[in-house]
Structure formats: C-alpha cells, structure tokens
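Per this note's numbering, residue 37 is the first one in the sequence shown, and the count goes up by one each step.
Hints are computed from structural coordinates only; laboratory data are not their basis. Some clues are possibly wrong.
[Claimed, not checked] Listed below are the simulated DSSO-like cross-link pairs for lysine-lysine, each with C-alpha atoms no more than 27 Å apart in a straight line:
#1 111 <-> 130
#2 65 <-> 42
#3 43 <-> 107
#4 111 <-> 137
[Claimed, not checked] Ranges between beta-carbon positions, derived for each pair:
#5 45 <-> 86: 27 to 33 Å
#6 42 <-> 127: 26 to 32 Å
#7 124 <-> 101: 17 to 23 Å
#8 69 <-> 111: 16 to 22 Å
#9 68 <-> 45: 16 to 22 Å
#10 83 <-> 109: 18 to 24 Å
#11 127 <-> 41: 24 to 30 Å
Treat the numbers as computed from the prediction; the structure is a model and nothing was measured. Cβ atoms here follow ideal geometry from the backbone N, Cα and C, with glycine treated the same way.
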Amino acid sequence: MTQIIKKDGKTIIKTGARIDTMNAGEFEKEISSLLHDGGIDLEMDCSDLTYMASSGLRIIQKTMRTVMQLKGQFKITNVAPEIYKVLTMTGFTKFMRVEQK
C-alpha cells in the first residue's frame with residue numbers, strides 16, 4: 037500500500053512491499069496525480085519495497101522524465117540491496133539519485 041506524505045514542500049511516496057503488474061496501474065495513477073498537483077520535489081521511499089517488476093521500472097523512468105521537464109527534483113531512497121542491483125543493472129543509477137538503506 038502506497039502512502040503519500042507532504043512535508044516541508046516535499047512529497048514523499050512511500051511504496052508498499054511490491055510494485056508489480058497487479059498494482060502498477062494504481063501506483064502510476066497516484067504518482068501522476070501528484071505531478072499534476074505541482075508535486076515536483078518527489079522522494080520515493082522504498083524502505084518497505086522487496087520486489088519490483090519491469091512495470092515498476094517503467095513508472096520510475098516516466099516519473100523521472102516528467103519531473104525533469106517540470107524542472108523538479110526526484111530521488112529514490114532506502115533501497116534494499118536487491119532492488120539497488122536491479123536499478124544499477126538497468127542503468128537507472130546513472131541518471132537519477134538512488135540511495136541505499
């Protein structure tokens with residue numbers, strides 16, 4: 037279950053345990069609504085995330101592109117080693133800020 041936290045002008049998206057084909061659509065809708073509401077300083081807190089399918093990677097990439105177009109900031113924090121490895125292998129760590137646990 038995703039939580040949205042607004043704090044000090046920043047929007048924190050706290051992911052649930054999984055981002056997969058079953059919940060990716062809902063996850064994407066939640067993020068899209070934040071971008072339309074002007075939430076261009078985004079942090080994705082992945083402290084509970086244990087599994088991410090390719091659909092999750094697609095959502096992250098799309099979010100990053102949108103935030104860049106809006107001249108905002110986006111980072112992913114509290115990433116487990118297994119998820120970090122996937123983000124590294126797919127090149128995500130080269131073009132976005134990713135912080136491990």
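Holds or violated: residue 65 to residue 42, with C-alpha atoms at most 27 Å apart: holds, 17 Å
Hint check for residue 86 and residue 45 - Cβ pair distance inside 27 to 33 Å: Given a distance of about 30 Å, which is inside 27 to 33 Å, the answer is holds.
Assessment of proposed distance window 17 to 23 Å (beta carbons of residue 124, residue 101): Since residue 124 and residue 101 have Cβ atoms about 19 Å apart, the given range 17 to 23 Å holds.
Residue 69 versus residue 111 beta-carbon gap, inside 16 to 22 Å or not: holds, 20 Å
Whether the CB-CB distance between residue 42 and residue 127 falls inside 26 to 32 Å: The hint (26 to 32 Å, Cβ to Cβ) holds, given that residue 42 and residue 127 are roughly 30 Å apart.
Holds or violated: residue 111 to residue 137, with C-alpha atoms at most 27 Å apart: At roughly 13 Å apart (the allowed maximum being 27 Å), residue 137 and residue 111 satisfy the hint.
Residue 41 and residue 127 - C-beta distance against the hinted 24 to 30 Å: For residue 41 against residue 127, whose Cβ atoms are near 28 Å apart, the range 24 to 30 Å holds.
Distance restraint between residue 43 and residue 107, which requires alpha-carbon spacing of 27 Å or less: holds, 19 Å
Agreement of residue 111 and residue 130 with the hint, judged by alpha carbon distance not exceeding 27 Å: holds, 12 Å
Beta-carbon spacing of residue 83 to residue 109 - inside the hinted bounds 18 to 24 Å or not: For residue 83 and residue 109 the Cβ distance comes to about 19 Å; the hint holds.
Range hint compliance [Cβ, residue 68 to residue 45, 16 to 22 Å]: holds, 20 Å
The structure shown violates none of the earlier numbered hints.
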